[in-house]
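Participant: Sequence:
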Amino acid sequence: MSLSLSRSALLAAALTLTLAACDKKEEAGLPAGETAPAAAQGAGGQNWAETITVTDKGGIAIGNPDAPVKLIEYASFTCPHCREFKEQGLPTLLRDYVGTGKVHYEFRSFLLNGIDIGPSMLVLCQPAAAGWKLTEALFSTQMQWVQGYQTISEADQAKLQAMPADQAIVAIADAGGLDDFARLRGIPAAKFQQCLTDQASLNKLQANVQEAVSKYKLSGTPTFVINDETVPDTYTWAALEPKLKAAVQ
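Counting with the numbering used here, you get residues 40 to 288 for the letters of the sequence shown.
No lab work stands behind these hints: they were computed from the structure. As the structure is a computational prediction, the values presented were derived from the model and not from experiment. Every residue gets a Cβ at the ideal spot worked out from N, C-alpha and C, and that includes glycine. Don't take every hint at face value.
[Stated by the list, open to error] Straight-line alpha carbon distances no greater than 25 Å define the calculated DMTMM-like cross-link-like pairs of lysine to aspartate or glutamate that follow:
id, residue 1, residue 2
1, Lys96, Asp195
2, Lys172, Asp135
3, Lys109, Asp205
4, Lys109, Asp267
5, Lys282, Asp135
6, Lys282, Glu250
7, Lys243, Asp218
8, Lys230, Asp205
9, Lys284, Asp105
10, Lys230, Glu250
11, Lys284, Glu268
12, Lys284, Glu89
13, Lys109, Glu89
14, Lys243, Glu145
15, Lys172, Asp95
16, Lys284, Glu126
17, Lys109, Glu268
18, Lys96, Asp267
19, Lys284, Asp272
20, Lys256, Asp95
21, Lys254, Asp105
22, Lys172, Glu126
[What the hints assert, rightly or not] Label pairs and their computed distance ranges (CB to CB):
id, residue 1, residue 2, range
23, Pro107, Ser179, 41 to 49 Å
24, Val287, Gln232, 38 to 46 Å
25, Ser253, Met182, 27 to 35 Å
26, Gln288, Met182, 33 to 41 Å
Given only the sequences and the hints, what does the whole structure look like? Please build it.
Facilitator: Quick look at the structure:
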């Protein structure tokens, strides 16, 4: 799929769930829903995994801002391999690397398709800690809420794609049941509408797409960047951890 920055181009592909665009990766690791281990503590007894902020890129950053290693993850909310990374690697990443102050981790949402726009904008308009909690919920329940889009009829898809872009973002989210997902997590309808119609949030997400493709040469998700250098051919925690260890040393 072409990685255009226009809203119309993103929405034109909104109901095409080309989840294989994540690229086929290895599959192994923790079962879905396993509880994350307690984070280790850094110097002075501080658990840096409890320090959560929103970055100027609209990402969610966790950890010591002065950590010697900066890790960026570009991920799509509809990408199953991104979900697998969260299940397999995130508990250890937060406990052994971020919590101890060695690594500063930033999650950036990448729009692989139009369906990614709704959850990405919903996360972006929350305070940092709430946005991260919502991010975790979206990935842990990904298989459930993505199914809502797979049952939309071709006729309804055509109607949604014919809408003006600003209306279509909310309508597509509603059609997939994202409004119910948000309501069950304490986000009222008015807030949901506000989040998904915020042009500034959409601009940030589109800018992230542009930077990821032009600067970091992103071709699939997840993509990892260590100290401003893209890590090639690395899509799983098993592949990423040795490179993190080398960077930390």
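Participant: List in ascending order the numbers of the hints, as given earlier, that are violated by the structure.
Facilitator: Those not satisfied are hints 1, 3, 10, 23.
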